[in-house]
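These protein sequence lines are chains A and B, in that order.
In terms of the numbering used here, the first sequence is residues 1 to 134.
In terms of the numbering used here, the second sequence is residues 135 to 273.
Treat the hints as calculated values from the structure; they're not laboratory data.
Nothing here was measured: the structure is a model prediction, and the numbers come from that model.
Do not take every clue at face value.
If you want the footprint, here are the derived chain B segments under chain A, 3+ residues with CB under 8 angstroms [to be verified]:
#1 139 to 150
#2 245 to 251
#3 264 to 272
Computed far set for chain A versus chain B, every beta-carbon distance over 12 angstroms [unchecked claim]:
#4 Met17
#5 Lys77
#6 Ala118
#7 Trp131
For glycine and all other residues, C-beta sits at the position ideal for the given N, C-alpha and C.
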Amino acid sequence: MPRLSVWFVRASLIYLMVGFTLGALLLANKGVFLHPLVWRLLPAHIELLLMGWVVLLALGVAFWILPRWQTKRGNEKPAWAALLLINLGLWCVIAAAWLPGYDDLLWWGRSLEALGVAAFAFHAWPRVKPWVEG
Amino acid sequence: MPPITRTYVKTALVYLVLALMGGVFVTLRPVAQLVPWIAAFTPLYFHFFMVGWVTQLIMGIAYWMFPRKSKQQPRGSERLAWAAYWLLNLGLVLRLVAEPALTLTPLALWSWLLILSATLQWLGGACFVANTWPRVKEK
Ligand code: HEM
Numbered sequence: 001m002p003r004l005s006v007w008f009v010r011a012s013l014i015y016l017m018v019g020f021t022l023g024a025l026l027l028a029n030k031g032v033f034l035h036p037l038v039w040r041l042l043p044a045h046i047e048l049l050l051m052g053w054v055v056l057l058a059l060g061v062a063f064w065i066l067p068r069w070q071t072k073r074g075n076e077k078p079a080w081a082a083l084l085l086i087n088l089g090l091w092c093v094i095a096a097a098w099l100p101g102y103d104d105l106l107w108w109g110r111s112l113e114a115l116g117v118a119a120f121a122f123h124a125w126p127r128v129k130p131w132v133e134g
Numbered sequence: 135m136p137p138i139t140r141t142y143v144k145t146a147l148v149y150l151v152l153a154l155m156g157g158v159f160v161t162l163r164p165v166a167q168l169v170p171w172i173a174a175f176t177p178l179y180f181h182f183f184m185v186g187w188v189t190q191l192i193m194g195i196a197y198w199m200f201p202r203k204s205k206q207q208p209r210g211s212e213r214l215a216w217a218a219y220w221l222l223n224l225g226l227v228l229r230l231v232a233e234p235a236l237t238l239t240p241l242a243l244w245s246w247l248l249i250l251s252a253t254l255q256w257l258g259g260a261c262f263v264a265n266t267w268p269r270v271k272e273k
């Protein structure tokens with residue numbers, strides 16, 4: 001597994017654990033009321049599991065297994081940028097639910113995430129090809 | 135495909151079908167307004183899709199396809215992989231029972247089953263991560 005995929009997949013496993021922890025708190029809170037602030041964890045729960053766990057894992061594995069040119073994976077820079085942008089965006093989206101004064105944060109978060117996945121698509125586009133060219 | 139993976143993938147397929155059937159069931163809400171607890175199935179059918187289908191499929195395939203941990207233990211611990219499977223699925227099935235039941239009758243039993251469901255699912259996730267983490271490495 002290449003280094004960038006290791007980063008993507010490790011991040012996704014961490015987000016899985018944090019997202020499941022928040023989910024478990026939310027579920028337990030439905031059973032026995034724990035604290036009024038627990039419901040405020042819902043946006044973070046959703047963001048960590050959909051963008052963090054599912055999307056980062058998919059992109060990490062895609063970077064690893066999509067067809068290459070001999071051993072080369074083409075232009076890797078946009079894929080590294082994607083890792084950075086999506087992670088930054090994810091934390092902005094989560095923070096937005098807890099910082100009511102910063103209304104722009106949600107917009108910034110979603111924009112960074114969108115830019116990140118666009119960068120990854122740009123990297124991956126030419127790799128979606130037959131294994132053997134010609 | 136190792137036996138654990140086959141079990142994961144087949145169970146995931148069952149959840150996919152159940153989740154989409156749940157989706158159909160939830161649309162009955164306007165028709166069957168006399169049954170308020172149908173609303174309680176909305177988060178459930180969604181989690182059957184994302185946990186039972188998507189996450190479980192990933193877990194099964196990752197166990198099969200991820201880089202080898204070592205020569206002696208290429209796929210990590212088989213026991214941890216089975217533990218993750220049983221904990222996650224027991225937890226999910228408990229949620230299916232307790233979450234709608236709690237909206238019908240506020241029994242303490244349902245509350246505690248919901249907490250048990252949360253704990254089991256969390257432990258299932260933890261077993262998967264513990265078993266998979268050492269396999270995520272550069273060759
Ligand atoms: C891949 C995994 C998961 C994803 C993508 C996910 C996503 C979501 C989403 C989108 C919602 C909002 C649904 C709605 O408002 O109807 C939600 C709510 C919730 N999730 Fe999860 N979730 C995941 C796993 C879990 C797990 C493992 C647990 C518990 C152990 C959990 C517990 C909850 C609870 C209690 C709610 C609130 C339900 C309600 O509205 O009453 N989730 N989740």
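List of violated hint numbers, smallest to largest
Structure breaks hints 1 and 4.
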